[in-house]
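Chains A and B supply the protein sequences, listed in that same order. Under the numbering used here, the letters of the first sequence match residues 1 to 669, in that order. Under the numbering used here, the letters of the second sequence match residues 1 to 376, in that order.
The set of hints was computed from the structure by calculation and includes no laboratory data. Backbone N, C-alpha and C fix where the C-beta goes; we use that ideal spot for every residue, glycine too. Treat the hints loosely; a few may be bogus.
[Said to hold, decoys possible] Some but not every residue of chain A turned toward chain B, in silico, with C-beta under 8 Å:
#: 1; residue: 10
#: 2; residue: 13
#: 3; residue: 20
#: 4; residue: 21
#: 5; residue: 23
#: 6; residue: 519
#: 7; residue: 520
#: 8; residue: 559
#: 9; residue: 562
#: 10; residue: 564
#: 11; residue: 567
#: 12; residue: 569
Listed here are the chains, written in short residue letters.
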Amino acid sequence: MTDAATLPPGRTTRLKLDRDGVIKRGLMLVIAAYLFAALALPLYAMLSKSFVTYSFDLTRYEFQVSDETGTIWSDPVSAADLNARLDLFDPDDLRTSTNGRLAVTGFFPEFSFRSPVKYRLRGTVADAPYLVGLDLQNSTEWREFDGNTFRRVNLRPVATAGLQNYRAYFTNPTLLSSIGNSVFIATVSTVLTVTAAFGFAYALNRSCMQFKGAFRLIAMMPILVPSLLPGIALIYLFGNQGLLKSLLMGQSIYGPLGIVIGSIFFTFPHALIIISTALSISDQRQYEAAESLRASKWRTFWTVTIPSARYGLISAAFVTFTLVITDFGLPKVIGGQYNVLAIDIYKQVIGQQNFEMGAVVSVVLLIPAVIAFAVDRIVQKKQVSLLSARSVPYQPRPNRRFDMAMLGWCSLVALFIVGIIGICQFAALVKFWPYDLSFSLRNYEFDRMDGGGWAAYFNSLRMAALTAVVGTVIVFTGAYVVEKIDGFRLGRAGFQFLAMLPMAIPGMVLGLAYIFFFNDPENPLNFVYGTMAILVISTVTHFYTVGHLTALTALKQIDAEFEPVASSLRAPFWRLFARVTVPVCLPSILDISIYLFVNAMTTVSAVVFLYSTHTALASVAVLNMDDAGDVAPAAAMGMMIFYTNAAARMLHAAASRGLLRRTQAWRLR
Amino acid sequence: MTALDAEGLRAATGIAEPYLRIENVWKAFGDFVALRDVSLDIERGEFICFLGPSGCGKTTLLRAVAGLDPQSRGTIRQGGRDISDMPASQRDYGIVFQSYALFPNLTIAKNIAFGLENTRRPRAEISARVDELLDLVGLPEQADKYPAQLSGGQQQRIALARAIAINPGLLLLDEPLSALDAKVRVHLRHEIKELQRKLGVTTIMVTHDQEEALSMADRIAVMNQGVIEQVGTPTEIYRHPATLFVADFIGETNRIETTHTGGAVRVGHAVLQTETHGLRDGQAVVMVVRPEDVLPHAVGYEAEMKPNQLPVDIADMEFLGSYWRAHLNNPEFANTPLVANFSINAVRRFGLASGTRMTVEIPPERLLVFPREGVA
Ligand SMILES: Nc1ncnc2c1ncn2[C@@H]1O[C@H](COP(=O)(O)OP(=O)(O)O)[C@@H](O)[C@H]1O
Ligand SMILES: [Mg+2]
Chain A
1 MTDAATLPPG
11 RTTRLKLDRD
21 GVIKRGLMLV
31 IAAYLFAALA
41 LPLYAMLSKS
51 FVTYSFDLTR
61 YEFQVSDETG
71 TIWSDPVSAA
81 DLNARLDLFD
91 PDDLRTSTNG
101 RLAVTGFFPE
111 FSFRSPVKYR
121 LRGTVADAPY
131 LVGLDLQNST
141 EWREFDGNTF
151 RRVNLRPVAT
161 AGLQNYRAYF
171 TNPTLLSSIG
181 NSVFIATVST
191 VLTVTAAFGF
201 AYALNRSCMQ
211 FKGAFRLIAM
221 MPILVPSLLP
231 GIALIYLFGN
241 QGLLKSLLMG
251 QSIYGPLGIV
261 IGSIFFTFPH
271 ALIIISTALS
281 ISDQRQYEAA
291 ESLRASKWRT
301 FWTVTIPSAR
311 YGLISAAFVT
321 FTLVITDFGL
331 PKVIGGQYNV
341 LAIDIYKQVI
351 GQQNFEMGAV
361 VSVVLLIPAV
371 IAFAVDRIVQ
381 KKQVSLLSAR
391 SVPYQPRPNR
401 RFDMAMLGWC
411 SLVALFIVGI
421 IGICQFAALV
431 KFWPYDLSFS
441 LRNYEFDRMD
451 GGGWAAYFNS
461 LRMAALTAVV
471 GTVIVFTGAY
481 VVEKIDGFRL
491 GRAGFQFLAM
501 LPMAIPGMVL
511 GLAYIFFFND
521 PENPLNFVYG
531 TMAILVISTV
541 THFYTVGHLT
551 ALTALKQIDA
561 EFEPVASSLR
571 APFWRLFARV
581 TVPVCLPSIL
591 DISIYLFVNA
601 MTTVSAVVFL
611 YSTHTALASV
621 AVLNMDDAGD
631 VAPAAAMGMM
641 IFYTNAAARM
651 LHAAASRGLL
661 RRTQAWRLR
Chain B
1 MTALDAEGLR
11 AATGIAEPYL
21 RIENVWKAFG
31 DFVALRDVSL
41 DIERGEFICF
51 LGPSGCGKTT
61 LLRAVAGLDP
71 QSRGTIRQGG
81 RDISDMPASQ
91 RDYGIVFQSY
101 ALFPNLTIAK
111 NIAFGLENTR
121 RPRAEISARV
131 DELLDLVGLP
141 EQADKYPAQL
151 SGGQQQRIAL
161 ARAIAINPGL
171 LLLDEPLSAL
181 DAKVRVHLRH
191 EIKELQRKLG
201 VTTIMVTHDQ
211 EEALSMADRI
221 AVMNQGVIEQ
231 VGTPTEIYRH
241 PATLFVADFI
251 GETNRIETTH
261 TGGAVRVGHA
271 VLQTETHGLR
281 DGQAVVMVVR
291 PEDVLPHAVG
301 YEAEMKPNQL
311 PVDIADMEFL
321 GSYWRAHLNN
331 PEFANTPLVA
341 NFSINAVRRF
351 GLASGTRMTV
361 EIPPERLLVF
371 PREGVA
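Chain B with its partners taken away, still in its complex shape (with noise of 0.2 Å):
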């Protein structure tokens, strides 16, 4: 379900609130703010990833949220109550931290049986439990063994059979992947995500890492010191940027200082129309350009340009499997190379190679423009 959706259907009905909902939160430590006037809902079952750089307030947000350093104003609610001041115990989640923080003495199956016992469930239900979640995170053999005897991966499943051992309403996930290899990691990004699936529990993954953010959450809050920036589904963060910050944090840029005018940019004696709207004319802009959507139009310069085409140089090209990267250089602006990514049957077609003259083209819904910040 997206956000969307569950918001058409609180307005029909009027009574449902999100089961998460964050609320002008701030967070200072001393002088230091480390939130802003954060606002976020989350939807029943959802995935959502906190995703920016690294001190920009991910991990205080998710701990906010889990009662470990509670934020200094705003508003926490989950599943209709407000938890704003209600201590971690009290509180309906489990936790997965980059260390694991598994108990190094207690065997695999006692961790993952440790929040059980509070329960006071009779041992064999617990035993089956375990085991349960044993076979869920694809561990069955393990039981017995100490977490140290494990592998890295091994151990975060172990970490995370433990925090859904309780059924929690929430499961947050404080960059559960950053330590481990980069093999074991796309691996694992799948199995949490199937398993995120299947039990259908709200989850709040922290991360650094776009692949990662792209790849798991149904929506991203990209977040740039202390504010969140955007809140999208991964394509509208891709796709439509919201702020240059986004734009440039998420996938790869060309970025071209430039002014505005009449809906469009200049560059050289080139023309760009834009689809961005709401900005002056005259007012000192960036143009954003992902490398993919530069698209080869033809192999030499057009006599007569059309808008949105660049007359272009190849400087040079390299094959990266399974596109070629090229640096491009236009004559006309000045040597600002652009870096394009064409596919290997545009290659192919067009004949392209280092050196050749050719036309692109960037087509008016693919340029983003921003306001350049400080400048008029």
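Just chain A, with the same shape it has in the complex (with noise of 0.2 Å):
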């Protein structure tokens, strides 16, 4: 190609494979094939699922029935022409689902299984399904039955592929309303949160307020727990027995109030995080300048501090709304009638086995998610830009006003945070709120209530603790074959695509594609369906992408140049991983497996399709036992979960500090 135009003719130099090449070779493809099945076909097979539509095709066979004797035969008829002649069906009514049957009986309204009359039957194309009992039939043979068989068969759909379920959905406007309701309160829920984050995070590093670190912590608080939590907080404070209820004057909680407001609580941290960032990368210099110029606080604010963190912005605003327009758990247990698109694909799935609309309403609510990722990855990419290695950090100064005002702001923050928390887990342990506000670990007695038990949250936690294991391992070597092999940068390209896939894929349509992918009889994978390692997979797939990219970042700050030495010195490259790579990563490790281990114990949008009854989770023991009304237990589940991850931190940051000083001495002059 362009070679021919630059280079003479000849054929290119390629090295020859060396064992290491292999092995690395092989690796990455064992990784892009965890990848491809655990995430690709199992998207694929949504996508095309929701453009499949299931419906009986009456053109496609043809009935002769017998006189009482059973030797002379009528003309063939088609079951189309008989539906035509009784008027039985409509085309809507023969719309059905992958399970429809059809009894043919019906097209014949003198049956009788004790006549002696006899029917055949035959397809007139080379697909014609019917079934006999349970036996599949398909053949363009006649067929004959006698009354009493000629009762069990059935018509099986065929099926079509087609916009007809996507029809079906804009047409329907029960579900068109899910996708306003869901913008509506994502976009609220941003609003608020960004405007309470940013001035959190401007209190953090633009102040010299008291109590920084214990703001720092309590902030992080809510990723210890399920998005649901909050919403079983507001029913105790507000739902129809709240000790606030009073307050609301007549709203209900239960709809996109309560929504919005557990929203606020479980994005905040993610918020906090972004702006947070950004703001600390601010330039001390710039307000000097601006401070030279004398201009007023409230300009230096509207022309340095916002220019300088709006990408943070950007990107926290299309995190916190990707967040909340793809979460399942809250609106489950305090939307009340209020559907959103989450929503939505539970119905259509768990409650009316509609699997193909609930892929429709999976490929609804991409959009948004798709939309918000590519922005925020743009964004993500101009703000390192942003960032100069001369900047001077922002030193705030005391001022007592200020500090106080930030203060007062970040007090209200973290009252509401610990106020959440802390009504769960007083619900949890009094006997019945709030008539008997005694003492007792009744709730904690999960054995007594259906939704898994105690084994639920053992399940948990081996689930997350595989997933952290089993999910830094692949998730680490993944990004060191993107970083860190040369050449192949074809296949290359499109792992780091695969890896990014998972932050644009909400929960609840990852764990929709695992049921198309994974149940089908005909996948080789099928085995895996209802286990534990269908969980893990899940979960570490839908959480890749931030692991990745903690990984690609602690490669990067690795010397191209190793590599390079270490082949030089003929040293396998598994040994400058092991003696090198690793070692040097082990902070960022540890990170990434704490991430994936409190992730694990708090998702719910994935693993609430895949679950079985011996591998039934915390999390969705929460959902459920707060479906069924035991709302108490629910609470002290979701504390349980809150207590493991908080341990969870707790032992990380030891052995990272203990790590740390053990075996990065080196890091120290």
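With the hints as a guide, dock the two chains, each given alone in a separate frame, to form the complex.
Listed below in structure tokens is the structure:
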């Protein structure tokens, strides 16, 4: 191609593969195969499912009926003709799901299984499936049935590809209203969360207020609990028997109000981290310049602070928006009759078993998520380039009035966060809210309720531990493959794309995609369906991207020359990997594993479609107990998740510090 | 041993080929050609520098030799083997980068031993070899420190020790000194050269610093925009640059554009003869003179200028420690200023000062003339 124009004719030199090269490519293949099986193929299965409709095609079948002697046969007549003659089914009535069956006796009003009349049936085209009992037939040969057998004959639907599902979706006002609802709550929550988080981040980075450490800690607490926990707290406060119900002045907490308040709670830390990072990289010199120009504080805020933090704000807004619009737990617990997209998927799949429509809603939900993801990626890239090596970090100066105001704001937010968790804790510990507030541990006796009991909690622990270990290995190896293997450019770009993709895929969508892919009996991977393995796989995949980015960042900081040096020393790459790469990246590796652990403990959306009776999970148990009216035990289980995650975080902090001290002595001069 | 000797020896015996033979090597990155038909022979034990401005393809050529990023076309042979498509791990070299690339979490001793540990040698032998290498690079006390605890120069010596630990046939150095400050750099130049001589290892060093190349190399390959412009010993390169680029890149030059007629160029009324051959009459040329080749001849203008003499006025003089730098104006050639380095002796002897009128001489063998590019 271009080579021909610039180089003399000849073959381009390719290095022979050495053992390292073979192993590295093997590794790449393994991880790529993982991402393919755990992500690309399920999504593809889901997407194609959304275009499939099942209906009975009556033109494909022909009948013959005999006289009473069973010897003289009528002329063949198609099922479509019979239908028209008898005026049985509209085209709409013939639409069905994969499992649809249509009894053929319906076409013969005079049918009686005692009669000696016999029937014949054949397909007029190659694909004309019907069941005789449980036996699937598909033949253009006539088959003859006596009355007794004929009543066990059912037509099966055929699949057609098309936009019918989408047409059905977009002409259904109830389903359609969910789009508006979802966008509405996501927008409102985003505005409120980003504002609150900006104020908080501003206080942390730009004031000399006290207790910054404590505020930082409290602000991160929501990450440790499932997103539906604030819903439970809000029910206790403002629900039908809520203590503060009167404060709402007749408004119901069940619906958008509850969803928005709960969403602020669970998205707050995510927005805060992003905005805080953006504010922390601002340049002191700009402020000095503004001051020397005698710009007012207010003007400086709008002309220096906001513009320099704009990428952080945009990014935080999109992340928050995505979190809210794809969240399932909160609307399930406190949404009442208010339908949102994530709930629709759940209802279509679990309630109505209409998988195809579930797939359509999933595709609809993918759109805002993908847009948000794309914008976030673009903005993140720009933000990085803002960072100049020479910028001087901003040093806040004490200012009593301002510091007190900031302290007030942070206290308010902290009170909200601690309050929500405190209410749950309280509700979990009292006998019967709000009538008998004496303490008891009865709500922790999960084995007395439905939802999985203590087994669910231990399943969650196991699942989270497996996810942390397996996930970290996969994610780190994958990032290593992307970052440190030379050549194979196209493969690596595709790989990188697959690794970024999970961020744009809502958990509900992933879960549904897994049903389509893994529950297909023809899939050789079918055996993982209903096991712990599929829960681990879905969780690793769901949270893949953040871990991948963390690992990439760590690997990028490692000298690119290590690999060439090692191969010049004829040391196999895995020695370099084990002795240098992994030890140097150990802090990041620990970060990835704790991130996966905490998220595995709290996640609901993907696994809610995938757990089975013996792999029930704590987070799902919270949902199910709440659904069954056992709200206090649900709160108690939520708190179990909180304790576990808090303990895991502390362990992680201690381990990181210990490891740093022991193995990273080289970092200190 | 110089290249010429080796060539003679090869011709005489008709067998041995050079240790490293780079033949018609091309490298393209997409549409961009980074190396264009590069050929070079390197003898065993030779210290050769790839010298050229940043972006000319030095690292690219080095990486092709190392098997890190293979050439697109052409062959590379090392020690009689064709290594053109051999992966890096099967070639025989040690490499040192500008960044040192020391493993930060391993002690100095472990860093040096990294390559030795593949060789299944007993532990005691490895440790003895590490001590020997630490002695060799002059850092015997540092074995248990981590790289971050050493200075840049010390780190670079450790990187060198690690690279030579496995006794490679070829040592590759990519700008090994550029990250160091000037004083350390000069010192280390010397040490690397010493070490190389002691070990007798064939060495390629990439640098953009001409002083470094001139002081260290047995031979220099001057590169420009993906081609080797000239290969030669430091004095050859300096005294007889083959192209205008080489003349310009190495050392300081005065450049005057003029035309060539009958073995001489004209500057105003002055006629300057040259020993450069192969020029047409009337050809547009650039004449190049190094400041130290402008020799003071006499104070005042000669009544009758001989060939290769020029009347000049000293516009101003700077004292640079070991010599004087003079800026010379010539009323005859449209005031093209000429820079000359005069020895302290000469300045004293002729009593030169700003404003002095004098006659300078440019010997024909020092006058370099190159065709002007793009002009017929
Ligand atoms: N991997 C690459 N992809 C594209 N261009 C490259 C790559 N590596 C080097 N180049 C280009 O090739 C030219 C030569 O680079 P290099 O050999 O690194 O120069 P130097 O002489 O400074 O070592 C430069 O213009 C550089 O931009
Ligand atoms: Mg270079």
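Structure-based check of each hint:
no., hint, in the structure
1, 10, "5 Å, holds"
2, 13, "5 Å, holds"
3, 20, "6 Å, holds"
4, 21, "6 Å, holds"
5, 23, "12 Å, violated"
6, 519, "45 Å, violated"
7, 520, "42 Å, violated"
8, 559, "5 Å, holds"
9, 562, "6 Å, holds"
10, 564, "5 Å, holds"
11, 567, "4 Å, holds"
12, 569, "3 Å, holds"
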